[in-house]
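Visitor: As a plain string of letters, each chain reads:
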Amino acid sequence: MKVLIAEDTTDLNRVVTVMLQKFGYDVDSVYDGQAALDQLELNGYDAVILDIMMPKMDGITALKNMRSRGINVPVLMLTDKSEVDDRVAGLDAGADDYLPKPFAMKELLARVNAMTRRKTKYSGSLVTYADFSLNTDTLELAAENSVRLSMKECELLHLFALHGGKELTTDYILEHVWRGDDSADESTVYLYTKYLKRKLAGIGSAAGITGERSGAYMLVSK
Amino acid sequence: MNAINKTTGSDSAVSIYGTSKPLLEETMQMVLREITKIRNEMTEELGMDPIEHLLGRIKSEESMREKCRRKGLPETPESALEKIHDAIGLRVVCAFLDDVYTIRDRLLALPRIRLVEEKDYIRHVKPNGYRSFHMIISVDEKIYAEIQLRTISMDTWAALEHHLKYKKEIGRGTALISAELKRCADELASTDSSMQTLRDMIQELR
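Protein chains in written order, with this note's numbering: chain A, 1 to 222; chain B, 223 to 428.
Because the hints were derived from the structure by calculation, they are not lab data. Since the model is a prediction, treat every value here as computed from it, not as a measurement. This list has only true hints and no planted wrong ones.
No farther apart than 27 Å at their CA atoms in a straight line, the calculated lysine-lysine pairs in the BS3-like style are these:
hint : chain 1 : residue 1 : chain 2 : residue 2
1    : A       : Lys101    : A       : Lys64
2    : A       : Lys197    : B       : Lys341
3    : A       : Lys222    : B       : Lys341
4    : A       : Lys222    : B       : Lys348
5    : A       : Lys197    : B       : Lys348
6    : B       : Lys305    : B       : Lys293
7    : B       : Lys243    : B       : Lys305
8    : A       : Lys194    : B       : Lys348
Using the sequences plus the hints, can you model the full thing?
Guide: Encoded structure:
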């Protein structure tokens, strides 16, 4: 796991770096926002720790900048005292978490662990329900045999699997799988549900999807 | 049954089929006519031709003799007609998945045709990704025929896979190619499913 820390207070930067290294992280340290951006262009990271108040470029500007470039690595902001506005600004700019100074080292470690754990779980995870497994990384859906789903089918089935045996309304599905896509409507949900029903049957799975057009759908094990 | 062979074998010497060659021809034509009847009925019902192409062949003399040797059987008409069941080989390639099963059901409902054995490699996919529906039928309790039914996608995949199988010089990187071919088969199967779903959806909208 590779972590980038941007903190202008030399002592604090040093202490955090050593502590994270001690717990197995590969750490790169920089002392301002611009250097953090440069570093992010050069390397991929699993987590970034950003101080808000830094010379050259502050943490919030650096964060907005990296998000606008599509760098979606989890970010922990270090905020001075407990300035509510700083925290809100940080989260609004795309931070995943914040930690007010002064903080205990073990809390910082726990937060970095939590952020990187979340990431490992998201990418390439295997979602299972009844007798099928869905690899959200390769889009492979498998039971007795396998097929490869499209991105949207995968997202929809993932949502169903997270709520197996529970009814999901068409609106809920639209909101979670087709958010921001105005062309999607109840027919889209109906069609994609039909695709999945057929593909589940095709791979010989005992799982199926019940529900009527425009109503609520549910993933069930037959 | 490998690729459909067009040759009918050498006319010289004694045929491995003995004097049954005309009977094989006749039987094959009869099954082809029955499939064509089913095809016409379905075209009427669906408003579209369910069959993309239909092929039939009598296994060539050489292939049949080679198969007898491979199976350790004497090269006799009995082996070719009784022990081996694909002297007549038919391939029905459909545009849509459901039609594969409809054609199967209607063929087996015919009085002169009896199912001897079927292997559903669409449901029970081979580990390399091969999908097809195979069946051995007996016509008039006398002549065997093998029928392979599959979709265009499955047929396309099988053609490429067959082609690569003989590219032995590949050697290195075979595992990657096999894994990728399997992925392609799974993607094509997914598309077959989607296309069938879309046809169902159109029927619903009518």
